[in-house]
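J.: Residue numbers (the numbering used here), protein chains in the order written: chain A, 11 to 212; chain B, 11 to 212.
Hints should not be assumed to be uniformly reliable.
[Claimed, not checked] Not everything, but these chain B residues come out facing chain A in the computed CB check (under 8 angstroms):
{"#": "1", "residue": "Y27"}
{"#": "2", "residue": "I35"}
{"#": "3", "residue": "H46"}
{"#": "4", "residue": "H52"}
{"#": "5", "residue": "H53"}
{"#": "6", "residue": "F101"}
{"#": "7", "residue": "N105"}
{"#": "8", "residue": "D119"}
{"#": "9", "residue": "I168"}
{"#": "10", "residue": "V171"}
{"#": "11", "residue": "H173"}
{"#": "12", "residue": "A176"}
It is worth saying that the hints were derived from the structure and are not from the lab.
Every value quoted in this text rests on a predicted model; they were computed, and no experiment measured them.
Note that the Cβ used here is the ideal one computed from N, Cα and C, for glycine as well.
What follows is the residue order along each chain.
Protein chains: 2
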Amino acid sequence: MQEITQLHAIFDRTRGYINRFMGIIQPIIDAAQDEHTRLYYHHILEEEEQRMGRLQELVPYLENVSGKESLAQLSDRELSQLLSDVNLERFGLHNFREHLELSLYEFQDDETRTTLDGMREKTHADYLQVKEIMASLSGRFSDGSHPDLTDHDEGHDIHQVDHLKASATAAHGVASVIKHAAPAKTAAPGKKGLTVGSLKGH
Amino acid sequence: MQEITQLHAIFDRTRGYINRFMGIIQPIIDAAQDEHTRLYYHHILEEEEQRMGRLQELVPYLENVSGKESLAQLSDRELSQLLSDVNLERFGLHNFREHLELSLYEFQDDETRTTLDGMREKTHADYLQVKEIMASLSGRFSDGSHPDLTDHDEGHDIHQVDHLKASATAAHGVASVIKHAAPAKTAAPGKKGLTVGSLKGH
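In isolation and in its complexed conformation, chain A is listed as follows (with noise of 0.2 angstroms):
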């Protein structure tokens, strides 16, 4: 069961990054001074909004899979089931990966790219995990039926992009139309409050 574990570490460990890109994301969306920017931001978080629904589900699910003594005490239709739902989330994956990347083109600071970058790397990684986990899983089907496990990182050249580096001379941001700085949040003493203004302003 320890494919079960690691699927279960993966989708335990993505719900925190949502809620942590959540937090860099929304002064964008409270502070954007046009529809388009506000529209544009508020589509993607609440298609991880959506993500994190299922996954609330999925974890919990995979946490009781994971206790038992071996697959075979999964029926076909649940081993199936099963796999569908983490087909899904392998999408997910894919995605998040894709609104990190965007969101790279948006932040100058050297803090939040380092954060954007690194939630990137490990999603990508725990992406290719998942399908390689899946290629396992789907083995053992006893009707020898497969999923598709197709990649979404062939055929298209976009995916083999330095983002970071692309972004980092990249001269519009989706987002340079956000003209003023959101107002100041409390913060913490001797901690700076984190605004549109202190993440773009650097």
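Fit chain B to the supplied structure of chain A, relying on the hints for placement.
T.: Frame of chain A; chain B shown alone:
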């Protein structure tokens, strides 16, 4: 089985819309002059590809179910799975509406804007109808369980914005950085080829 027939019509229609949308967006990706624009539209198209992959399984399944005499021929487990799949595609319709709205900020020509806005309007109506159908279907569970029918239009002012109007006066679309028109494609005699130039130049 009227509801299942309606669901089948809705998801069959949105498959056609995905193809039309892809035809409108692909030239932007092909002509993009920077990695951010390319990633942005590639990402949107990839999410729609994933949705298409799911619909290619769901639409024939709905067709099959609509041929049954009554939903009572489905087990609780089958009905639950069906509702879960339809709920995912309810989110898919909502996200597609936002992809269409975001794209309105890209195009200045009336023909493309009218096409995008027409699909947006029908997609939103379809989204609302799916929600109604799900509420009706979930009442038939013998155990009284109900799926979460959270309306993504509640609590977000952004969904009340008329993006057709807002985008008409927007100073900068995301792809304002696209500098060169794509090479003109071969078009039917007397009919203008659909290129980024023809889309953006008017």
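J.: Compare the structure with each hint and give your call.
T.: These are the hints, each one checked on the structure:
1. Y27: 17 angstroms, violated
2. I35: 14 angstroms, violated
3. H46: 5 angstroms, holds
4. H52: 5 angstroms, holds
5. H53: H53(B) check passes; min Cβ-Cβ to chain A is 5 angstroms, inside 8 angstroms.
6. F101: 5 angstroms, holds
7. N105: With Cβ-Cβ at 6 angstroms, under 8 angstroms, it holds.
8. D119: It is violated, given that the least Cβ distance between D119(B) and chain A is near 18 angstroms, above 8 angstroms.
9. I168: 5 angstroms, holds
10. V171: Because about 5 angstroms separates V171(B) from the closest Cβ in chain A, which is inside the 8 angstroms limit, the hint holds.
11. H173: OK, holds: H173(B) within 8 angstroms of chain A, min 7 angstroms.
12. A176: 4 angstroms, holds
In this structure, the earlier hints numbered 1, 2 and 8 are contradicted, and the remaining ones agree with it.
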